[in-house]
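Below are the chains, spelled out letter by letter.
2 protein chains.
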Amino acid sequence: MNTPILLSKLKSLTLIIFTLVLSCSVQASHPNLVITQADVLDMRKAINEQGRFATAYKNLKAKVDLQMALPIEVPVPKDGGGGYTHERHKKNYQLMYDAGILFQLSQDKTYADYVRNMLLAYAQLYPTLELHPARKVKSQNSGKLFWQSLNEAVWLVHTIQAYDFVYGALSAQDIKRIETNLLKPVALFLSEGQPSTFNKVHNHGTWATAGVGMAGYVMNEPEWVEKALYDLEKSGKGGFLKQLDELFSPQGYYNEGPYYQRYALLPFVTFAKAIDNNDPQRKIFQYRDGIVLKAIDTTIQLSYSGLFFPINDAIKSKGIDTIELVHGVALAYSLTKEPGYLDIAKQQNQIILSGNGLKVAQALDQGLAAPYPFISVAFGDGSDGKQGALVIMRSQLAGDQAVLFKPAAQGLGHGHFDKLTWQFYDQTKEIVSDYGAARFLNVEAKFGGRYLPENESYAKQTVAHNTVVVDETSHFDGDVEVGNANAPVLSYFETSSRGTVSSAKIDTAYQGVELKRTMALVNLTELEKTIVLDVFDVVASGEHQLDLPLHYQGQLIDMNFALSVSTDQLSALGAKNGYQHLWLKGRGLPEQGLAKVSWLNENGRFYTHTSLVNGQEEFLFTQLGANDPHFNLRNEQAFVRRVNNKKQHQFISVLEPHGEYNPGKEYTLDAASQVTQLSYSQQGEVMLINITIAGVSYLIAINQVPDGSIKQNFQYQDQSFSINSRLAVFALNDDEE
Amino acid sequence: MNTPILLSKLKSLTLIIFTLVLSCSVQASHPNLVITQADVLDMRKAINEQGRFATAYKNLKAKVDLQMALPIEVPVPKDGGGGYTHERHKKNYQLMYDAGILFQLSQDKTYADYVRNMLLAYAQLYPTLELHPARKVKSQNSGKLFWQSLNEAVWLVHTIQAYDFVYGALSAQDIKRIETNLLKPVALFLSEGQPSTFNKVHNHGTWATAGVGMAGYVMNEPEWVEKALYDLEKSGKGGFLKQLDELFSPQGYYNEGPYYQRYALLPFVTFAKAIDNNDPQRKIFQYRDGIVLKAIDTTIQLSYSGLFFPINDAIKSKGIDTIELVHGVALAYSLTKEPGYLDIAKQQNQIILSGNGLKVAQALDQGLAAPYPFISVAFGDGSDGKQGALVIMRSQLAGDQAVLFKPAAQGLGHGHFDKLTWQFYDQTKEIVSDYGAARFLNVEAKFGGRYLPENESYAKQTVAHNTVVVDETSHFDGDVEVGNANAPVLSYFETSSRGTVSSAKIDTAYQGVELKRTMALVNLTELEKTIVLDVFDVVASGEHQLDLPLHYQGQLIDMNFALSVSTDQLSALGAKNGYQHLWLKGRGLPEQGLAKVSWLNENGRFYTHTSLVNGQEEFLFTQLGANDPHFNLRNEQAFVRRVNNKKQHQFISVLEPHGEYNPGKEYTLDAASQVTQLSYSQQGEVMLINITIAGVSYLIAINQVPDGSIKQNFQYQDQSFSINSRLAVFALNDDEE
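So the sequences go chain by chain: A and B.
All residue numbers for the first sequence refer to the UniProt record's numbering, where the first residue is 1 and numbers rise by one.
All residue numbers for the second sequence refer to the UniProt record's numbering, where the first residue is 1 and numbers rise by one.
Accuracy of the hints is not assured; some may be wrong.
A pair counts as met if it fits within one copy or between any two copies, since identical chains are not told apart.
SDA-like, lysine to any residue: derived pairs with alpha carbons at most 25 Å apart [unchecked claim]:
(1) Lys429 with Gln555
(2) Lys665 with Glu73
(3) Lys647 with Ser679
(4) Lys294 with Gln124
(5) Lys359 with Ala398
(6) Lys359 with Tyr667
(7) Lys429 with Asn635
(8) Lys576 with Ser566
(9) Lys596 with Gln366
(10) Lys316 with Tyr667
(11) Lys316 with Asn635
(12) Lys237 with Val377
Just so you know, these hints were derived from the structure itself, not from any lab.
The shape of chain A in the complex, shown without the other chains (with noise of 0.2 Å):
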């Protein structure tokens, strides 16, 4: 007997244990991924009570009857994204797993008999299936139904789920031809077949390790559960376990932000409760520290009023109720019965009929529903949290308000080069704004519902967010590689009754130049007011052009200062990088002193931006639309801050809202800006800023201290200070008696 062989055998031999150790945790009784039996009996009594569940459950029926009134369709495969028989095999994977979850609930064979059919239509069909005729040439991720395989793993997701509902109900025929044509293919397919997505620390990863885990499960397989759990090689290199170390933060942050974070959560959510269903001893909730419910908890802390931060590629009107989230908030609220989840689920407004759904449901019906608590926070970024991170301030005390502020990782293709950019939020409403992505979802006339070419050439280009662009180039000259490679360093954080305050630096952006940004949110208590502070240090080791753009929600009101406008001819403000799609309409040049730009936004409340400029500042006002042949652009409004020939610059303004403009009551309060001085200076590590008010003169200081001590004292306006936080706030009396 040769090595090889020996091997070959002890391999064999290996794998006969692994299956003999683990087969004890493969399920014997169906279904028992994310919906247990024991699940299936509490849903069954509660579809006959009153409440929300039973109207779900109603609502499910009724919608599913009409399309099972309509013959099967099981096409050939043919067209994209967004094609024909890619929509339909998309539409018949959610019709399989809700005939499924209704024949389990109702026991009514009618519904297990249409996945079966289905099933069966899908098993004559898949073993007559090559790649698919529409996927991408030399892609590793072809799919066989679909283009990409990564909606093969959606779909076996959903299948495999589907499949488990109705085993019982099938014959050993059926179960035969189902597993031996169709799902065991597809699992194969999916796993050995392409080894290089199934490994890879990934979203497209998880989905489909999390169809082939759970495929192993229901058709005793328990291998394929391991090879899901740790790689194609069980090496632990790959697979779910490795992506639930890598692709979030500690604190449950995904790289990508919240438009992907929604979208890669529910995979994770499926098959984490399919293991601890099927394998609780693996504790797959503690994992790491419970980073499943982390994940979880953080997709809503990055919302605002109902949606996500739109940062990077992101559809702006994508919120809370995204269906991903409406299962990782019934699995949080289920794995902790903390109120404020049911809170998320009543804004979501949509029931699943699930074990977890079922608790949901009948909590809501309980009234037990508690404000789900919405914190100020910073997200490291990056597996090891260390990459940047992603900051969220928040203040309650003159309406709901909120910066997002962002020295976090490039977050891999669909990043922005937006680094230190920053957006503001008050009132349910968009203050200083981030274009999101450039995108009409699935609109056939707008380049075929895809990502349009504006989103390259505008929507990720560093002027198109609000933070520092060199010589008109965008951050790592708008390099993905190099933006991976090269994060923000969070300097500090930190949240108290004061106010939220943050410092974030980076010097691979541009090559010899360090831009630092310092934020802060300030609550100026006896005014009920609260501003926003935004110091952004340039220095560069050689002259450059600086530009600072502020885009802005709303109607210009008006500014302090002279303004050359182009009243009957426009054009571009510049040739690339995203300046080819801004119209140039006026520019300024305001003297020393207080620079002010104020807008009117749809709520009705006035917001005024004020700079403290040397003199050297030009405002370049700009509105967008520009080289945009098919009108694919929105035609938003900014206004740019831009210095020249400068080795070194700071930009300091302050953000304040203020007034009412209510035409349809009559009466608008305080339309003016009520900053009245501001003044910044130094103290050794204490940055002053030294601001007036409606009358109040404030001192804001802050800490700027490296870790360690960080008690400052300083004096100002021969006053002794003393400061032991990174924030502080000091009501300035002017007028001692």
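We have chain A already, so just place chain B on it with the hints.
The following block gives chain B in isolation, referenced to the frame of chain A:
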């Protein structure tokens, strides 16, 4: 005795007789204007019970208590509108009114004392006043407390009611001082002191007559009541009754449009109620077939989704919750007990502390509200109802939809040059829109909060509307006088389950040019769809350039013809009459056939405008904002259909709402227009539109026969049809078996 003296004596005698005759009707008890003693007793009871009325009482009390804790300020008049003394005097009359009613309800003398003290302060100030320093030079309408006497009349309307409330708590000495030094002088100043305003049949006159008439009731000056009703000479050529005769059409439509109608409403509603309480024998609510009630009801009909149709100078956020209409609806409910008014009151969400307000509050508490019946209707314009009409078409077939079609009269100085324009509304949103007024009410930075220069240069101009512009010149060449003298002619209006149709024409907007427009909101019941048909005929004696703009709300999605787009330079479309404000973004000349333009609105619905073109209609795509040095204009979108050198042209189009864009839930339905065929023909007096939409072929017939015999027979595609109404819709059966 010479004749003049005799005449004078006779006049005096007549006056005495009048006084004697009428004194019986003058009130002996207080209060007895809008609110009577009987009302007060009911209200006192209600504030001690649970319900909306008690809540409103408590809220007002809390608000007024806060104000009363501050010192009384009655400053020497100095500022114009928006300035401190102006706003203070406005606040004061509201405060006196509110404190007065609180005194009546609570019987707490603190409130009466507050009113008394403020009245005495005014009684001290008023005799010292000359005409207001900020008055317009040479104006007939200067005030003393305010820069214009209109505000002074509004002050009197409120203050005389406040005085009436606290009368019973005043000493004889206070009464004398207040009446002699303040109230009588103000009433005399507003009547004898400014005869041209007092006698004018105009909204300003109504405030003056209401104030003076109510002062007459309270201070036992029946002669003042007579003058208020019949003018200073009691000729009946002016005064309140003449205002009721002339300012509204027989259906209760106010010539200037709803924005001013609701403003005009308050003195009518207030004084009429006071007349009814003091002189019930005048049957004021039956006057002119119940014109007061009709005026209130019409104001409600002139709204969509809570907001008034923004024709003429209108601020678009003004809606049915305006305080004037809160009073109006309370009166309307009190007069009719129609539960539909409660529906409106519910949306207004504001209970007034009056007898009528109490009736509304109690009915709402009892859950008596029922949906207010919004209808399709043509409101005849002008005092005879024959100066054109304002047409509203509504449909509930596919969501709440409305067409506003405007063959109305000019509407005086606030009127726009927009004969035969239209607007379209769907799912609570504007789809085909009107700019409304260019104004930021009370925003000092925006031209002092007054109408902006762009209101004249753009918003009033024809090109700012959705109607034909000849040779880039506005209707009536922008001359208000000419406009007021020439109204369109409403040819017909009809509404039925098939839809609503109307046609109108005008040959005075341009010399030698007849404009005729036929519009229909058509229900395609089989498809559960609605479309808007638009046929605009222009016939001229010479050759002209004809432009037909369409201002739409949303993001341009697609057109089915090639466009030449200005990608890196923009220029204004024209030089004057509003054209100077439009950037020309692109132009295209579609071939003969169907020219389609699609857009997507904020609700996620698609709209496709399909024109039947002859190869000569150029499409110009524009964006508002050129020649706007102060960023005063909203940057809205339009496309203009243009033909050149034409003596005759017919613009034919269909607007089709379709599909749904839901990126949050990740689906897009029917993003493409479903209109595949459109043809137009005429058979005798019948206009025939054949349209194929979503695979169904419809023949839409519009019977244009002049009044008289209406039934028409015609042939179409070898089939016989008959129409015995204005509008008929036939589903054609192409595939007969």
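Here is how each hint holds up against the structure:
1. Lys429 with Gln555: both (14 Å within a copy, 20 Å between copies)
2. Lys665 with Glu73: Between copies only: 24 Å across, 57 Å inside.
3. Lys647 with Ser679: Cα proximity of lysine 647 and serine 679: one copy only (22 Å, versus 67 Å across).
4. Lys294 with Gln124: neither (42 Å within a copy, 71 Å between copies)
5. Lys359 with Ala398: This pair counts as neither: shortest intra-copy Cα distance 36 Å, inter-copy 37 Å.
6. Lys359 with Tyr667: Cα proximity of lysine 359 and tyrosine 667: none, with 48 Å in one copy and 29 Å across.
7. Lys429 with Asn635: both (18 Å within a copy, 20 Å between copies)
8. Lys576 with Ser566: For lysine 576 and serine 566, the Cα distance is within 25 Å both inside one copy (21 Å) and across copies (17 Å).
9. Lys596 with Gln366: Cα proximity of lysine 596 and glutamine 366: none, with 52 Å in one copy and 53 Å across.
10. Lys316 with Tyr667: between (32 Å within a copy, 14 Å between copies)
11. Lys316 with Asn635: both (16 Å within a copy, 21 Å between copies)
12. Lys237 with Val377: Neither: 31 Å inside a copy, 73 Å across copies.
The structure does not agree with the numbered hints 4, 5, 6, 9, 12 stated previously, though it agrees with the rest.
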